[in-house]
Each structure stands twice: as C-alpha cells, then as structure tokens.
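Participant: Protein chains in written order, with numbering that gives the first Met the number 0: chain A, 0 to 203; chain B, 0 to 147; chain C, 0 to 227; chain D, 0 to 249.
Source of the hints: derived by calculation from the structure; they are not laboratory data.
Pairs of lysine to any residue, SDA-like flavour, derived with a Cα cap of 25 angstroms: (1) Lys78(C) - Ala101(A); (2) Lys65(A) - Lys7(B); (3) Lys7(B) - Gly18(B).
In this text the structure is predicted, and so the values were computed from the model without any measurement.
Given next are the chains, with one letter for each unit.
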Amino acid sequence: MPNSLEVKNLSVERSNRGIIKDLSLSLAGGHLVHLKGANGSGKTTFLRALAGLIDPSHGKIFWNKKNINERPFSQSCLNYVSHSLGLAEELTTLENLSFLRAISRKTLNKTVEASLEAMNLKSFQDYRVAILSAGQKQRASLAQLLMFNCPLWLLDEPFNSLDTESCGVIESLIDDHISNGGIAIVASHQKFQSSTVQKVVELK
Amino acid sequence: MMHPMRKKRLQLICLGILGIGIALALILTAFEKNLMYFYSPSEIHAGDAPAKRPFRIGGMVVEGSVVRQAESLGVWFNLTDTANEQMVYFEGILPDLFREGQGIVAKGQMNKSGLFVASEVLAKHDENYMPPEVAEALENVQHNSKVD
Amino acid sequence: MITGTNNWNTLFMLVRRDVIKTWRQSADLLYPIMFFVLVTILFPFALSPETLVLRSFAGGLLWIAALLAMSVSLENLFKTDYSSGALEAIVLSGVPLLLVGLAKAIANWVLSGLPIIILAIPLALSLGIDTFSLSILLLSLTLGSVTISLIGTSIGALSVGLRSAGMLIIVLALPFFIPILIFGAVATSNSQTGLIPEAELYFLAGLLVLAVTLTPWATASAIRTRLG
Amino acid sequence: MFRFFYHYSSLRNFYFFSAKLTPFLIAVFLAFLIYSLYGALISAPADYQQGDSFRIIYVHVPSAWMSLLVYMAMGLSAVSVLVWRVKLAEITLGAIAPIGATFTLAALITGSIWGKPMWGTWWEWDARLTSELVLLFLYLGVIALLKAIDDRRTGARSASILCLIGIINIPIVHYSVEWWNTLHQGPTVSKFDSPSIHIDMLIPLLTMTVAFMLYFAIISLYRIRSAILVYDKETQWVKDLIKRNERGQI
Numbered sequence: 000m001p002n003s004l005e006v007k008n009l010s011v012e013r014s015n016r017g018i019i020k021d022l023s024l025s026l027a028g029g030h031l032v033h034l035k036g037a038n039g040s041g042k043t044t045f046l047r048a049l050a051g052l053i054d055p056s057h058g059k060i061f062w063n064k065k066n067i068n069e070r071p072f073s074q075s076c077l078n079y080v081s082h083s084l085g086l087a088e089e090l091t092t093l094e095n096l097s098f099l100r101a102i103s104r105k106t107l108n109k110t111v112e113a114s115l116e117a118m119n120l121k122s123f124q125d126y127r128v129a130i131l132s133a134g135q136k137q138r139a140s141l142a143q144l145l146m147f148n149c150p151l152w153l154l155d156e157p158f159n160s161l162d163t164e165s166c167g168v169i170e171s172l173i174d175d176h177i178s179n180g181g182i183a184i185v186a187s188h189q190k191f192q193s194s195t196v197q198k199v200v201e202l203k
Numbered sequence: 000m001m002h003p004m005r006k007k008r009l010q011l012i013c014l015g016i017l018g019i020g021i022a023l024a025l026i027l028t029a030f031e032k033n034l035m036y037f038y039s040p041s042e043i044h045a046g047d048a049p050a051k052r053p054f055r056i057g058g059m060v061v062e063g064s065v066v067r068q069a070e071s072l073g074v075w076f077n078l079t080d081t082a083n084e085q086m087v088y089f090e091g092i093l094p095d096l097f098r099e100g101q102g103i104v105a106k107g108q109m110n111k112s113g114l115f116v117a118s119e120v121l122a123k124h125d126e127n128y129m130p131p132e133v134a135e136a137l138e139n140v141q142h143n144s145k146v147d
Numbered sequence: 000m001i002t003g004t005n006n007w008n009t010l011f012m013l014v015r016r017d018v019i020k021t022w023r024q025s026a027d028l029l030y031p032i033m034f035f036v037l038v039t040i041l042f043p044f045a046l047s048p049e050t051l052v053l054r055s056f057a058g059g060l061l062w063i064a065a066l067l068a069m070s071v072s073l074e075n076l077f078k079t080d081y082s083s084g085a086l087e088a089i090v091l092s093g094v095p096l097l098l099v100g101l102a103k104a105i106a107n108w109v110l111s112g113l114p115i116i117i118l119a120i121p122l123a124l125s126l127g128i129d130t131f132s133l134s135i136l137l138l139s140l141t142l143g144s145v146t147i148s149l150i151g152t153s154i155g156a157l158s159v160g161l162r163s164a165g166m167l168i169i170v171l172a173l174p175f176f177i178p179i180l181i182f183g184a185v186a187t188s189n190s191q192t193g194l195i196p197e198a199e200l201y202f203l204a205g206l207l208v209l210a211v212t213l214t215p216w217a218t219a220s221a222i223r224t225r226l227g
Numbered sequence: 000m001f002r003f004f005y006h007y008s009s010l011r012n013f014y015f016f017s018a019k020l021t022p023f024l025i026a027v028f029l030a031f032l033i034y035s036l037y038g039a040l041i042s043a044p045a046d047y048q049q050g051d052s053f054r055i056i057y058v059h060v061p062s063a064w065m066s067l068l069v070y071m072a073m074g075l076s077a078v079s080v081l082v083w084r085v086k087l088a089e090i091t092l093g094a095i096a097p098i099g100a101t102f103t104l105a106a107l108i109t110g111s112i113w114g115k116p117m118w119g120t121w122w123e124w125d126a127r128l129t130s131e132l133v134l135l136f137l138y139l140g141v142i143a144l145l146k147a148i149d150d151r152r153t154g155a156r157s158a159s160i161l162c163l164i165g166i167i168n169i170p171i172v173h174y175s176v177e178w179w180n181t182l183h184q185g186p187t188v189s190k191f192d193s194p195s196i197h198i199d200m201l202i203p204l205l206t207m208t209v210a211f212m213l214y215f216a217i218i219s220l221y222r223i224r225s226a227i228l229v230y231d232k233e234t235q236w237v238k239d240l241i242k243r244n245e246r247g248q249i
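Produce the complete structure using the sequences and hints provided.
Facilitator: This is the structure in structure tokens:
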C-alpha cells in the first residue's frame with residue numbers, strides 16, 4: 000500500500016496562543032517537504048503534532064487514512080528526530096542507541112553498530128554523550144533513522160551544527176528514503192543542496 | 000478471534016479489577032484485626048478483648064456506680080453499652096466532664112480478676128444536638144427504664 | 000499483551016537504564032540518602048540524647064525522615080530525561096506508557112527507597128530500638144516506601160519541567176503520604192509495646208496493591224500531558 | 000441526548016444559557032437563604048448543652064459538606080477533561096477549585112471558632128478537622144499546579160490527573176486520620192439509638208445547605224462565564240459581544 004499523509008484544517012495552540020492556524024497538506028509516498036519559517040513560526044509544533052505528541056485544537060491528521068489522534072495510535076510508522084536529540088548525557092552513544100533499539104516496537108533495520116558506522120561515529124561509540132561535540136551528538140541522534148524502518152520521517156533541524164560533509168551524508172539518506180517511497184518532512188533554515196525537494200511549506 | 004487491541008484492553012481492565020479487589024481484601028482484613036483496639040463492655044463479656052495488651056473501652060458511666068476511695072484518688076465505676084456492664088478502676092484526676100450517665104473512653108488493660116484497670120480516662124462531648132427539654136425527656140426515659 | 004515476555008523485558012531494560020544513569024550521576028543518588036541520615040541525626044539534638052526518650056519517638060522520626068528524603072528524590076526522576084528529549088524518544092519508540100510509569104517507580108524505589116531501608120537499620124539501632132521493633136519498622140518501611148515511590152512518580156511526572164518543580168513536587172505529594180506515615184509510624188510504635196501490628200501492616204499492604212494498580216495509569220497520562 | 004450535551008458544552012451556548020439561568024438561581028437562593036437564616040437564628044431552639052453557640056453549625060456543617068461536594072464536582076470535570084476532552088470542563092475545573100478551597104477554609108475557621116467553647120482550645124487534632132485540613136492542601140495542590148502551567152489545556156489536564164488521584168485518596172485520608180485520632184483520643188461515644196439532631200434544628204440545616212449549593216452554582220457560573228470570555232477572546236462572538244457592550248454603555 001502506498002503511504003499517504005493528510006493534514007486537514009490543522010490548528011494547534013501553545014501557551015494559549017494559536018501557533019498553527021488552519022493548515023492543510025496532502026502528501027503521497029516519495030515526497031520530501033521542506034518546512035520553512037521564522038523562529039517561533041510553529042515548525043517544531045507542527046512536527047510534534049504530526050508525531051502525535053500534541054493534540055490539535057482543531058483539524059485532523061491522517062496517516063494511511065487512519066486518524067493519528069484516535070487511540071490507540073502506534074507511533075511505529077514514524078521516525079522523529081527532535082532538536083533536543085533524545086539521548087541521555089550520562090550514557091554512551093552505544094548504550095543510548097542499543098536501549099532505544101531494544102525497547103522499540105518499530106520494524107528494525109540496521110544494527111546499532113552499522114548505524115553508527117554509517118554516521119561515522121564508530122570510534123566514539125563508547126564515549127558518554129555529554130563529552131561529544133554538538134555535531135557528533137546530532138549525528139548520533141540521526142543514527143536512529145537507520146536503525147528503524149519507518150516510512151515517515153520528521154526531522155527538526157537535522158543539519159544543525161553539522162559540517163558540509165555530514166550534511167551531504169544526511170541529504171543522501173533522505174534521498175534514499177524518499178526514493179524508496181517514504182515521506183520526509185524536514186524543518187530547516189538551510190537550503191538543500193540537492194534538488195529532491197518537491198514541496199516547500201512556509202509557516203507564518 | 001478477538002481484535003488484539005481490544006483483547007489487550009480487556010486484560011488490562013481485568014488486571015485493574017483484580018488489583019482493586021486484592022487491595023480491598025487486604026484493607027478489610029485490617030479492619031477485621033480491629034484496627035481501633037476499641038472494645039465495648041459486651042465484647043469484653045464475650046471474651047473478644049485481648050487479655051494481655053492494652054486497649055480502649057467505651058461506654059456510659061452507670062448512674063450511681065461511682066465509688067471513690069477514701070484516702071487516694073482511686074475510683075471505681077461501671078461502664079455500660081446498655082446491654083452489659085464492665086467495672087473499671089482508675090487512679091488519677093478525672094476530667095471535668097466526667098459525670099454519671101456521660102459517655103467516656105478509658106484506656107488500659109484487663110487484670111486477672113476481670114477488672115479493667117484504666118491508665119487514662121477521657122470524657123467526650125456527645126454529638127447530639129437537641130433542645131434542653133428533649134434532653135431532659137430522654138434522660139427521664141432512660142432513668143425509668145433503669146428503675147423498672 | 001501487557002503481560003507478554005516482551006513487556007517484562009522492556010520493563011527490565013527501562014529500570015536498568017535508569018539505575019545506570021543515576022549511578023553515574025552519583026549526586027542524584029547520594030543527596031536524598033544523605034538527607035535521610037542528616038534529618039534523622041538532627042532529632043537527638045532537638046529532643047534529647049537520652050535513649051528512653053529517643054526510643055519512644057524512633058518509629059515516628061525515622062518515618063518522617065524517610066518520607067522527606069523520598070520526596071526530595073522525586074525531582075530527579077524525570078528531570079534530565081525531559082530536558083534531553085530522551086523521555087520523548089522513549090514514548091515515540093512505541094513502548095506502552097504504563098510500563099514507562101511502572102519502570103520509573105521501580106527505579107525510584109531501587110535508588111532511594113532501598114538504600115533508605117538499609118540505612119534505617121543502623122540508625123534505628125542507634126536510637127535504641129529493639130530487634131523485634133526493628134523488623135516491624137523495616138517491614139512497614141518496605142511496604143510504605145514502594146507506595147511512596149509509586150504515588151511520587153505520578154506527581155513527579157505531573158510537575159516535570161515546571162518552575163521550581165522540586166518544591167512543587169514535595170508540596171503536592173506530602174498530603175498523599177499522610178496515611179502511609181500514620182500507619183507506618185504507628186505500626187512501629189505499637190511493636191515497641193510487644194504487639195504484632197497486623198492491622199497496620201495489612202493496611203499498608205492494601206495501600207501498596209491499590210497504588211500498584213492505579214498509579215501507573217496516572218503516571219502514563221501525566222507523561223503524555225507533559226510532553227504535549 | 001448527546002446532541003443536547005454537545006450543544007450546551009459549546010462555550011458560546013453555555014455563556015448565553017447561563018446568563019439566562021443566573022437571575023432565576025439568585026431568586027431561589029435568596030428565598031432559601033432568608034428562610035434558613037430565620038430558621039437557624041430564631042426558630043431553632045438553643046442546644047441543651049452548648050446553648051446558642053451551637054448555631055455556628057449552620058455555617059460550619061454546610062461549608063464542610065460543600066468542601067466535599069465541590070471536590071466531587073471537580074472530579075466529574077476531571078473525568079470529562081481526560082476522557083472526552085470537554086473544553087467547558089477544563090474551564091469549570093479551574094473556576095471551581097478556589098471556591099472549594101474557600102469552603103474548606105470556612106469550615107476550618109468556623110470549626111476552630113466552635114472548638115473554642117466546646118474543647119476550650121482553638122485547635123484540636125480532631126479527626127474531622129484534621130482531614131478537612133488535608134483536603135485544603137489537596138485543593139491548594141490543584142490550584143498550584145494550574146497556576147504553574149502556562150498552557151491552559153495542559154494545565155487543566157495535569158490538574159485533572161492530580162484531582163483524580165486526590166479523589167481516591169480522600170476516603171483513605173479520612174479513614175486513617177480517624178483511626179489515628181481514636182488511637183490517641185478515643186472515639187466519640189454517641190448515645191445509643193437516640194436521634195442525634197432534633198428535627199427543628201435539622202430542617203434549617205438542610206435548607207441552609209441547599210442555599211450554599213445555590214450560592215456555589217451562582218458564583219461558579221460567574222467565574223466560568225468570565226473565564227469563557229478570556230478563553231474565546233479571539234473569536235468573533237466575543238468580539239461582537241464586546242462591541243455591543245461598548246455601544247450600550249455610550
């Protein structure tokens with residue numbers, strides 16, 4: 000079944016303020032969306048709503064024709080990498096990722112070691128996250144994308160603190176993903192170097 | 000074949016009910032062990048009260064049963080729950096509200112001869128609210144029934 | 000299935016992760032335990048060094064110290080996982096939230112309840128408690144501390160990420176701990192007169208089962224709310 | 000049936016509906032209040048032991064009952080918030096929590112004033128007074144949590160969870176405090192099988208309780224309605240209302 004994501008008249012409130020107002024979006028598999036907008040325009044809020052973390056005040060989100068706000072919704076279809084990274088500072092990169100892979104209810108893909116290898120982090124796997132550089136942390140967090148087989152990727156500022164080379168690695172990952180029929184929604188201030196972006200959504 | 004999601008939910012609910020059931024059973028057992036350590040004269044007569052450890056007894060002081068020892072603070076009186084009476088001995092200063100016919104609570108222990116030796120006597124105000132005439136009438140009824 | 004082997008395994012992984020994490024951040028582990036010992040040894044200074052006085056208050060003051068120390072430990076339960084986004088990552092991995100709530104409570108008990116119970120032994124002896132009362136104290140502390148961890152985890156989850164969360168947690172949680180304090184302290188003081196306080200222990204056990212049954216739901220719901 | 004609830008749980012409809020209801024409630028409230036005041040202060044006889052000072056019962060007991068009743072109402076709102084996500088219930092929860100806390104405080108203060116002639120002290124660790132004090136802290140907890148969270152939806156949901164944990168806890172606290180109290184003071188011995196309160200004293204007490212309930216309804220409707228205006232301040236109907244109001248004043 001081809002994947003589809005449909006957002007209908009979505010409105011989301013944060014701290015008593017309407018952040019997203021009446022946003023509609025329809026996507027089929029194999030699409031990359033570049034989410035743009037000034038600081039505070041609601042990019043993160045939108046991604047978190049798509050991930051099912053925030054309940055919208057109005058509107059509905061459908062993943063493969065299924066309303067994601069109706070329980071039970073399993074988040075196994077999506078891979079969300081937030082800009083807060085999601086790694087415990089006291090644990091090593093390997094421990095963090097092994098833990099997430101072991102408890103996860105998602106379909107598994109690559110092993111932890113292979114994912115770290117692809118992110119060029121193999122030699123840092125036994126370092127605690129606290130002592131890694133910002134770019135290394137970002138890459139460690141993005142390694143989650145390889146561990147699971149999820150058709151929907153929600154990436155919040157994935158190019159933050161990455162050098163040009165790493166940015167290229169991530170972009171080629173995203174390209175692979177959408178050429179395999181996946182959907183990726185990427186919030187970023189940066190321009191994509193490659194021209195795979197099919198859609199630009201600008202939030203105000 | 001049941002839907003797996005529904006099956007899971009059903010299991011959870013069953014577990015929840017089971018847990019609450021066990022909790023209630025434990026708490027009711029606690030009640031049964033007489034959490035209060037509080038006994039009435041009837042219960043003492045029936046032999047329910049512990050022989051070797053202190054507990055509380057509650058009841059009304061029987062009219063005319065108070066006997067004071069001549070040269071000490073010792074006092075004997077009977078407590079009643081209208082069905083049975085229990086004799087109590089107390090040595091010490093009685094509270095101001097201690098009167099015949101008044102409800103009191105005594106803390107102490109049984110001695111071998113079946114006398115309740117109190118270490119503490121508390122008078123409680125009663126929780127009835129009524130006009131003086133009614134209280135008087137009620138008292139008369141009780142008095143009469145005792146005379147009969 | 001909630002009782003499937005997969006879930007037991009997940010529960011174990013979640014608890015182990017928390018224990019390792021806190022073990023490495025030794026301050027989080029040590030402060031509540033030190034607090035427990037310090038509060039306990041303050042009482043002799045305030046009351047009297049006489050064994051007779053101390054012995055009669057031993058149950059109550061150890062219980063108060065344990066209660067306060069466990070309340071203090073609750074703040075760190077969710078704090079770092081919330082700020083680092085790890086809590087979000089765990090939730091998004093599809094693990095049932097009931098398990099997350101239960102695991103956090105178990106971890107809290109292992110990391111603060113258990114050390115407090117162990118340390119209560121020398122402290123109680125130094126306050127002049129006899130061995131029989133000590134065994135009752137330890138039993139009541141065990142039953143009560145698990146309940147405290149379970150209720151505290153729900154309240155900790157509710158207040159994570161808020162301004163002065165540590166104090167808020169203590170203020171919100173203490174009223175809920177009053178029944179545990181009453182039964183725990185009275186169980187100990189009754190045991191000092193030579194009785195087996197069966198009723199109090201049954202009641203504490205009842206509260207424990209009730210907390211095991213109900214608080215994971217509250218914690219799960221609180222985590223979902225705080226992330227949203 | 001469902002449509003009926005749906006209709007009145009819409010904020011706008013509730014606002015106008017409750018505006019119509021309020022004058023009627025006030026009229027009934029005043030009738031009950033005047034009757035109960037007459038009953039409580041004049042027609043009820045003085046108590047045989049406590050004399051006239053027992054009359055504080057007409058404030059103390061209804062306040063204490065209301066403190067529990069309002070908590071139950073909060074519990075109902077909490078269930079509606081968590082299960083059905085009703086916006087009106089979110090608003091209600093925040094609006095009635097301070098009222099409940101006030102009733103609890105009133106019960107505590109009048110209890111303590113009553114305690115002075117009865118026990119000879121302002122405060123006695125009496126079972127009911129102590130559990131009332133714990134109840135006050137449960138209320139303050141809900142209010143504190145609501146104040147601590149900026150986002151009103153998250154705030155209402157968090158407070159709902161806390162409120163529901165509290166509801167399970169109320170009987171446990173009540174029972175354990177009573178047990179603790181009897182352990183130290185001995186339970187109150189009541190006269191066996193005799194009426195505990197005389198009928199002439201009881202009727203004003205019951206009507207006074209109804210008056211308290213109506214008072215609660217009126218005050219919470221006011222608070223809910225003003226909260227609705229703040230909640231919906233961006234919507235057209237509130238803007239229209241403000242415009243109309245301004246024109247009316249000019």
